[in-house]
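Residue strings, one per chain:
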Amino acid sequence: MLVKVQHEDFDLALVRDYFKQYGAEVGAVVTFTGLVRDFQHQPGDKERVEALTLEHYPGMTESVLTQLAEDAKSRWNLTGVVIIHRVGTLHPGDNIVLVATASAHRQDAFNSCQYIMDTLKTTAPFWKKEETDHGARWVEAKQSDHGEMDKWQASAAPEDQKAN
Amino acid sequence: MINVLFFAKYREQLNMDSLQLDADFSSVQSVIEALKNKGDTWHQVFTQSGLMIAVNQQMAKLNSPLKDGDEVAFFPPVTGG
Numbered sequence: 001m002l003v004k005v006q007h008e009d010f011d012l013a014l015v016r017d018y019f020k021q022y023g024a025e026v027g028a029v030v031t032f033t034g035l036v037r038d039f040q041h042q043p044g045d046k047e048r049v050e051a052l053t054l055e056h057y058p059g060m061t062e063s064v065l066t067q068l069a070e071d072a073k074s075r076w077n078l079t080g081v082v083i084i085h086r087v088g089t090l091h092p093g094d095n096i097v098l099v100a101t102a103s104a105h106r107q108d109a110f111n112s113c114q115y116i117m118d119t120l121k122t123t124a125p126f127w128k129k130e131e132t133d134h135g136a137r138w139v140e141a142k143q144s145d146h147g148e149m150d151k152w153q154a155s156a157a158p159e160d161q162k163a164n
Numbered sequence: 001m002i003n004v005l006f007f008a009k010y011r012e013q014l015n016m017d018s019l020q021l022d023a024d025f026s027s028v029q030s031v032i033e034a035l036k037n038k039g040d041t042w043h044q045v046f047t048q049s050g051l052m053i054a055v056n057q058q059m060a061k062l063n064s065p066l067k068d069g070d071e072v073a074f075f076p077p078v079t080g081g
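Protein chains in written order, with this note's numbering: chain A, 1 to 164; chain B, 1 to 81.
The reader is advised that the hints may include incorrect statements.
Pairs of lysine-lysine residues, derived as DSS-like cross-links and limited to a Cα-Cα distance of at most 25 Å, are as follows [to be verified]:
(1) A:20 to A:4
(2) A:73 to A:20
(3) A:151 to B:61
(4) B:9 to A:129
(5) A:73 to A:4
(6) A:142 to B:38
(7) B:38 to B:61
(8) B:9 to B:38
(9) A:129 to A:4
(10) B:36 to B:9
(11) B:61 to B:36
(12) A:142 to B:61
To be clear, the hints were calculated from the coordinates, so they are not data collected in a lab.
Isolated chain B (complex conformation) (with noise of 0.2 Å):
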């Protein structure tokens, strides 16, 4: 099981904060495969440019590896300071 986090802008776009998913993912990149196929928006925001990523709670990368129980966030560019 895989726990997935949305912020900011993306969280608005696709109306939810977090999902569960069940399936087993060996990288991020292959959920976000998975998100894309959920619809129109879904893809919309996952092929936006500026995507950033976050692994229990550590920056990662799309081909960051997973295991059963992680945390994947995503967001869009930070804008804090």
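This is chain A alone, in the form it adopts within the complex (with noise of 0.2 Å):
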């Protein structure tokens, strides 16, 4: 498993190449790319944002990604996990996360990296800042990011999705 908080970019050619020390073991690669987005813009807004800064919380958000990474390989038959996040001043179209899950089979692969995305936006501790052309705004966190995580604490035991 590979997890990391970093202020560089990354390139999603990193995946295919951590995967490849499972060799054959590995049937299916599902990868989530985030990108920062002008996402409190509505058509006709004045206001546009122009960068973004993400602060953290060192060692604990090493923590919880490697916590959540370990939490998928225990709910999901799952050969490799990758969790990279990117900190500092970022810009509209740059990439923010990369979750990859490696598994024998697609089931896996999919759920399990779309577990560890909506697990991570409420409870990895990292905070975004907009810098927008009227001034800093601090991104209030949303409430339907939490549905989505209930969502995934309300459905069935591990072992019944490791039967499918």
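Hints are included, so try docking the two chains, each in its own frame, into the full complex.
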């Protein structure tokens, strides 16, 4: 498993290279990439997001992400997990987060990748601050993100999912 | 001694990223009560909804117990990803 919090950009080629170590055990790889978007922007808005600064809690962030990867491995049959999250100043269009899961079969890879992202959004100690042409503001957490995570807590036990 | 950390919006509102409390505290709640008494801004930060707490870098609750040397962090709801 590979977990990193970094300022530098990442390239998706790293996923292929990292999972190579598992050889022919891997039958499915799912990757999710989150990008910075001008997410408050609505047509007609005068305010534009020019940059985003991501703050985190060094130490805790890495341990939460590592624990999350372990959780996913206990819920699904996974060969490997990659989680990379960027911090610092980013601009619209920049990569912000990468989650990749490798498994023998696609269903475990799809489900675990979504589980990791949904859980990361509400439990990993990162905070976004938007720099707009009208000043800076902290992004407020969305209730819908908690709904996405609750869905997983209410879902079937791991053994049932592995049987599918 | 308890080492207290603040992140994101709270760090800016309190104009401080950390402080040390020298007294003994039995729980997170008792730390919050002490911090609330430091002034209006402190009171305001610690009565906001959505306050998240970590003790020694693990998510914690108001009634989580504390011991000497613990690290307690306060932060608003997270917005990564």
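Evaluated hints:
Note on residue 20 (chain A) and residue 4 (chain A): the hinted pairing holds, with a Cα-Cα distance of about 19 Å set against a maximum of 25 Å. Taking the CA atoms of residue 73 (chain A) and residue 20 (chain A), the gap is near 18 Å; set against the 25 Å cutoff, the hint holds. Restraint check for residue 151 (chain A) and residue 61 (chain B): satisfied, since their Cα atoms lie roughly 22 Å apart, inside the 25 Å limit. For the suggested pair residue 9 (chain B) and residue 129 (chain A), the alpha carbons sit about 9 Å apart, so the restraint of at most 25 Å is met.
Taking the CA atoms of residue 73 (chain A) and residue 4 (chain A), the gap is near 17 Å; set against the 25 Å cutoff, the hint holds. Taken as a hint, the residue 142 (chain A) and residue 38 (chain B) pair is broken in the structure, with Cα atoms around 30 Å apart against an allowance of 25 Å. With a CA separation close to 21 Å, the supplied pair residue 38 (chain B) and residue 61 (chain B) stays within the 25 Å bound. Restraint check: the Cα-Cα separation between residue 9 (chain B) and residue 38 (chain B) comes to about 18 Å, which is no more than 25 Å; the hinted pair holds.
For the proposed pair residue 129 (chain A) and residue 4 (chain A), the alpha carbon gap of about 21 Å is at most 25 Å, so the pair holds. Distance restraint check for residue 36 (chain B) and residue 9 (chain B): the Cα-Cα separation of roughly 17 Å lies within the 25 Å cut-off, and the hinted pair is therefore satisfied. Note on residue 61 (chain B) and residue 36 (chain B): the hinted pairing holds, with a Cα-Cα distance of about 17 Å set against a maximum of 25 Å. A C-alpha spacing of about 21 Å is found between residue 142 (chain A) and residue 61 (chain B), which places the hinted pair at or below 25 Å, so the restraint holds.
Of the numbered hints given earlier, the model fails hint 6 alone.
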